[in-house]
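Chains C and U, in that order, give the protein sequences. With my numbering as the guide, the letters of the first sequence map in order to residues 1 to 218. With my numbering as the guide, the letters of the second sequence map in order to residues 1001 to 1229.
If you are wondering where the hints come from, they were derived from the structure by calculation, not from laboratory data. Keep in mind it's a predicted model, so treat the numbers as computed, not measured. Be aware that one or more of the hints could be misleading.
[What the hints assert, rightly or not] As a list, the in silico SDA-like pairs of lysine to any residue whose alpha-carbon atoms are at most 25 Å apart:
| no. | chain 1 | residue 1 | chain 2 | residue 2 |
| --- | --- | --- | --- | --- |
| 1 | C | 158 | U | 1087 |
| 2 | C | 158 | U | 1180 |
| 3 | C | 158 | U | 1177 |
| 4 | C | 158 | U | 1044 |
| 5 | C | 158 | U | 1184 |
| 6 | C | 193 | U | 1107 |
| 7 | C | 193 | U | 1114 |
| 8 | C | 65 | C | 100 |
| 9 | C | 158 | U | 1186 |
| 10 | C | 158 | U | 1113 |
| 11 | C | 158 | U | 1110 |
| 12 | C | 158 | U | 1046 |
| 13 | C | 193 | U | 1015 |
| 14 | C | 193 | U | 1115 |
| 15 | C | 158 | U | 1162 |
| 16 | C | 158 | U | 1161 |
| 17 | C | 158 | C | 186 |
| 18 | C | 158 | U | 1199 |
| 19 | C | 15 | C | 206 |
| 20 | C | 158 | U | 1158 |
| 21 | C | 158 | U | 1115 |
| 22 | C | 158 | U | 1154 |
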Amino acid sequence: MELTWLGQSCVRIEKDGTVLVIDPGLAAPAHALDDADAVLITHEHSDHLAIPLLMSAVRTRRHLKIWTNRSVANLLEGTGARVHQVDDGDTFDVMGIPISVHGSWHGQVHHEIPPVRNVGFLVDSTLFHPGDALTDPATPVGALLLPLCGRWVPRVGKLLDYVRQVRPQRVIPVHDTGAALINLQVHASFLSKDPIPNATPGTGAPYTPLTTLEPTTL
Amino acid sequence: MQLTWQIHACIRIEQDGVTIVVDPGVFTPPGDLDGADALLITHEHGDHFSLPLISAAIAARPGLPIWTNSSVAALLEGSGAEVHTIGDGDTFSVEGIEVQAHGTWHDLIHEELPRVRNTGFLIGGRVFHPGDAMTDPDAPVDLLLVPTNGQSVPNFGDLVDYVRQINPAMVAPIHDTGFDQAGEDGLDQFLAPRAVTHLSPGTGVPYRRLTVGQPITIRPRHHREGAST
Chain C
1 MELTWLGQSC VRIEKDGTVL VIDPGLAAPA HALDDADAVL ITHEHSDHLA
51 IPLLMSAVRT RRHLKIWTNR SVANLLEGTG ARVHQVDDGD TFDVMGIPIS
101 VHGSWHGQVH HEIPPVRNVG FLVDSTLFHP GDALTDPATP VGALLLPLCG
151 RWVPRVGKLL DYVRQVRPQR VIPVHDTGAA LINLQVHASF LSKDPIPNAT
201 PGTGAPYTPL TTLEPTTL
Chain U
1001 MQLTWQIHAC IRIEQDGVTI VVDPGVFTPP GDLDGADALL ITHEHGDHFS
1051 LPLISAAIAA RPGLPIWTNS SVAALLEGSG AEVHTIGDGD TFSVEGIEVQ
1101 AHGTWHDLIH EELPRVRNTG FLIGGRVFHP GDAMTDPDAP VDLLLVPTNG
1151 QSVPNFGDLV DYVRQINPAM VAPIHDTGFD QAGEDGLDQF LAPRAVTHLS
1201 PGTGVPYRRL TVGQPITIRP RHHREGAST
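Bound-form chain U, shown alone (with noise of 0.2 Å):
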């Protein structure tokens, strides 16, 4: 499997000649949806999904499947897209990929604003992206890829908690446009796997910061327990 983190919450994966694109969003470049033979849409606000560069898509290719919740699916009613609406628990295929839906809500911006749903996806039993909530999917994980900065985004802490939950045997984090470079140097240095005394707790989890455009393989593993590396 090769993951490519396009931007933001925008991934792309392809395996055996399948390619999933997750969330694309305001941020992601046109032309990044090229070659897409499937969709999948955490939740609706527009760094997740831009019905513009989604409509290009579908105009590109007709009947282009796309998997989301239901207040999504809603949203691209009568696009011509193939929308399937899927929910927490749900587990379906994309053309031979396995996928599982886990969670219902995006994480808590403030109690006075309704949540929206928000739905994460865990790809060929391997990737996990939870959208804009920390989601525990309760299976191991290969690459979780993290939200580390957004308005329903908690403090360091918490995310270097909710990655020892996980425990996947990699970590990378996404959803990091609010930062400049001290914001990123920061956080690679508090999402450390070794903890340093008086900085940073460690999380136990090998720390990967992708590169925008850059594919990465993602072999298979098992969970880190029983893994030799």
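With the rest of the complex left out, here is chain C (with noise of 0.2 Å):
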């Protein structure tokens, strides 16, 4: 499986022939969807899902299939996709590759602001993609895509638990619009796998970041 980071949340994964995009949000470019087979939507957060984006491969690419979660769908009911609307502990597969569907809702924001709907995606039992919540898809997991920075982001220090609760093989950050470099490099070394004395107790898991556009073989 290849896996590419196109920005902020959204991925590219290729598989045998297949592409699947999840997250096509306002930072992916805008090729992001022109060999896309299937897309999957976490929630309907902008960063996560560009309606223009989605319509525009929509219209070009009549095979093209949809899986999000109940809200998502309603938003894009009678726009002409073809939709599939999935939820916690669902399972479904696109073209041979099987995902299981993880979570119902997004991290808290604030007591007073409804959550939106949000759903992870486990893609061929290798990569997790949580979406804006810190689920535990309480399955083995190859690679973690690992939101960074955002309003309902905790403190770095319960990404840590996060990530050792998860135990993957991996950790790959993603969703750090609103970082500057400095927090990335503070967040990669407080996230490292092992610990550092006074500094971090260490994830357990390798810190593997991307660079976007540059595909990668899990």
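Starting from the two chains in their separate frames, assemble the complex, guided by the hints.
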């Protein structure tokens, strides 16, 4: 499986000629969906779903299929998009690639702001994309896409605990809009695999940031 | 009283010819301690406490008075500064400006890491600099300086609750070095006084983004409940 980070929470996955894109949001490049066979959308926030980008792909790629939660499915009703509605616990397959769905709600922003629906996707038992929630898929994970920065994201110590809980083989940071370079460096140090005395207790999993648009093999 | 945001968590306060600098750390440019009559230091982390910078200031002004907690005081032993060790509940006078110390510990970074001491300062009964802890001084505050980005800083929603709890006349974000412009814009939107449906809960407190290096005047005023504007 080949993984390409397209910025923020958008990733492109290619396996055996099938192309999946997860969370084509505002930060995704215009060509993000040009060869997509399927789009998975974790939730409705615009950094995860840019409707114009998706609609343009729906018009030009007749076979494009979309899997997402109930709220996003409602938003896409009547657009001509071929939408499959999924929720926590569901499994489906995209041209032979098995996918399981984990979680139902976005991480809490504030107790007075109603949460939106959010589903995470475990692709081919290899890559877990939680969307905007610290959901534990409770199954072995190869690579965990870890959201770093956002109004709902808790302090970095809780991200460390989340990584320990999921126990992936590697951590790939995503969702970093808003973070200055120094912040990314601090995160990389704090979320390192091994403990650093008085600095971090260590996650136990290698922290392996990607460069956008550069494919990597999982 | 005039307040200038120097950078990150470092501020300069001037009143009646007295200049106090709080938390000169590694991001503070050399020269920003020029003319300081006294230093207040909340805790020992490098972004709040730069020993080379402070040593240079002491060399320029032997006997420079510094108020801080016992951990930082130990680090300043033999520095040539006149160090006053204070802690939660203490009140002291810095050349005539009354300062109260609030809080004892840095907010949690992770359960497996030891906590360092942290002391917040309510300066002149007006400006509260909490250091790296969401401490409630339990007193009227004209300007709350709220840390907004860092390993111990909680999510935006918790910051809103903290601002509401302190209920100052005004709040200004500091400790923001980890944000880029998009991060700052998102923070400004989220900490706005009024609620925006589905977007931000509203703090109820006027929000002011300070400009580094540009002094603002903090006028004597009462707690917001008694204020006219």
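When the hints from earlier in the document are held up against this structure, which numbers fail? 1 and 13
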